[in-house]
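J.: Go ahead and model the full structure; you've got the sequences and the hints to work with.
Chains as they are written, first to last, in our numbering: chain H, 1 to 324; chain C, 1001 to 1316.
In case anyone wonders, no lab produced these hints; they're calculated from the structure.
Here are the computed distance ranges between Cβ atoms for each label pair: (1) C:Ala1128 x H:Glu210: 35 to 43 Å; (2) C:Arg1046 x H:Pro267: 24 to 32 Å; (3) H:Tyr213 x C:Gly1130: 33 to 41 Å; (4) H:Met211 x C:Gly1130: 26 to 34 Å; (5) C:Thr1051 x H:Ala45: 54 to 62 Å; (6) H:Pro267 x C:Lys1071: 39 to 47 Å; (7) H:Ala45 x C:Gly1079: 55 to 63 Å; (8) C:Lys1071 x H:Arg167: 38 to 46 Å; (9) H:Leu301 x C:Gly1260: 24 to 32 Å; (10) H:Gly71 x C:Ala1057: 51 to 59 Å; (11) H:Leu41 x C:Ala1057: 55 to 63 Å; (12) H:Ala207 x C:Pro1098: 44 to 52 Å; (13) H:Tyr213 x C:Ala1007: 33 to 41 Å.
We treat Cβ as the ideally placed atom computed from N, Cα and C, and that holds for glycine.
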Amino acid sequence: MQDVALLEFESVVRPGASPWRRFLRDLLRRKVAVVALAYILLFYAVGAFAPLVAPYDPNAQNLSVESRLQGPSWEHLLGTDSLGRDILSRVVYAARTTLLFTVAVLVTGGLVLGLGLGLLAGYRGGWVDTLIMRVGEVLAGIPTLFLMIAIAAAFRTRIDDAAYWLRQNTFLGQDAKAFLDFVIIVGVTVPFAWVGTARIVRSQALAIREMEYVLAAEALGASVWRIVTRHILPGVLPLFLVGVSGGMAAIAGVEVSLSFLGLGVDPPTASFGTLIGDGAGVRTFQAYPHLLLSAAVPVVLFFFAWNLLGDALVDILEPRMQAR
Amino acid sequence: MPPGLSAYLIRRLLWTIPVLFAISFIVFTILRLAPGDPVDTLLGQRYTEETAARLRAKYGYDRPLLVQYGKYLSNLMRGDLGVSTRHADFTVSEVIWPKIKVSSQLGAMALVITFAIGIPVGVYAALARGTPLDPLTIGFWLAIDAVPVFVAIPILQWVLAVKLGWVRLAWEGVWSPNIILPVLIMSLPGVAGVARFTRASVISVMSEDYVRTARAKGLPERLVVWRHIARNAMLPLITVIGLSLPGIAGGALFVELYFGIPGIAREALEAVLAPDFDVVLALVLFGSLLFVLANILVDVSYAIIDPRVRVQAQRG
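T.: Below, the structure is given as structure tokens:
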């Protein structure tokens, strides 16, 4: 045990390298974390460049008997579904759905609400802090998945008119319905996605607020904006990363679960939830195992990669936080 | 119980009342304002304006929102949760209690199994720290955690029921061997969280002075691990119980759907989709109450066990 303690001590006092460079070095030294990060980046790249990567049109049907429900072959590497669509192409476009969803939730729920409200609560304190944390407590106290289902179900029946309007009046055209599905699932996820991150950020901001250098900056008359962005934010960011990466698999899982239940993105838009839904069921799996496996393996690896990355980040940053 | 704690407990309990009011009002408003009501579903093809109006008057849906909410609250105070439009006007209590009983039994079993596996795994990983076995063990359970319940179910059903014939998929009550598979599927995803928490806790205890003393006085390693390390490392685990509940509840939904279990998660989904106003409201309130109380229980028991927490508890 002593040698471990010494090692941590050494990494804390080593002069020179900036915290971020040290953090990167520690991260790159962990092979598992690097592989996980590489897979996540690959997954997102595939999603971002879906039209270039996908071998076929994901929605092109082929209803002839010999092209429906085929197992993997050289022509269709992951097989075809019950409408003769190429599953690999649908998986690629499902990665795009996951990409859009996680980025949308990360920006709104993570950056704006999680980081923003956490900083606000931690730095301002007082009734602002109480209000934010009480609201968070209420939201965290609700059985989340069920309330999401309730809200998604309530709004979905109303969107056909709105989709029609958008199709006629905006550039969205045929994508209007998918866009609205998206707005709804992001909208039901965000209110619940920020609480954990905000708590972490708040407690860290509370601790940093009392540091001498912050007091010094305040005494010198630095503006609140400057203190928060220059002095508090850098100290909060590493833990923010830990919080975000730890929760990412769960957030991506929300879209998959809702789509699986038929409450997320609607067919024909590809989503891992609907793809898995097509292959789930013990009889379907017995007859056409490729339906479930082709869709499940890439997304399970994606969740797994986030879990591993989150775990590695906790390992890297936690001893440093304690050592301070 | 220490003096400051009872005041804290009372304050927390009182605080749940406005929280539940807020939740009930939000959910009530969403339900009533969303298009489509139980009457549409109830009548279906036989929908005519007159019957619909008559039924809406019968259930009070034609009245202003706040009047409906006030009526709901006054009934709630008398313990009347309303009627289920989906179950031919059976009272909500008659519909939900048998199902809550089934689900809570399954959930309790899953919770116990999660901890029964997670704690030894976490202790093991902590003791193996610095060797490849530590990341391998944790990594294995993180992989299990990454598999969504609705992916695991068809595969395991096929392997264990169709291929090997070890279990049957029929629902034959809580006390039949058939529930082993559903309970396992509910419990395994949570193991990683418990194991990681245990591991971190054990590692922090391992460097305590009394552990070094125990080793120095020549105590057998087995005694050091179980009497001095494990016992002290278990205390913080209480907090994880509260954190594990939402995951188990979410898993229960898919398990109940796939295995045909007459449980409350499935009832909740069907009630939401129908919609069945009073059932949804009752379940949201019941679920929220459960989660809020679990969190209070965790905080309070933590304060009793660890004296250092008390100061914070008093400050609220």
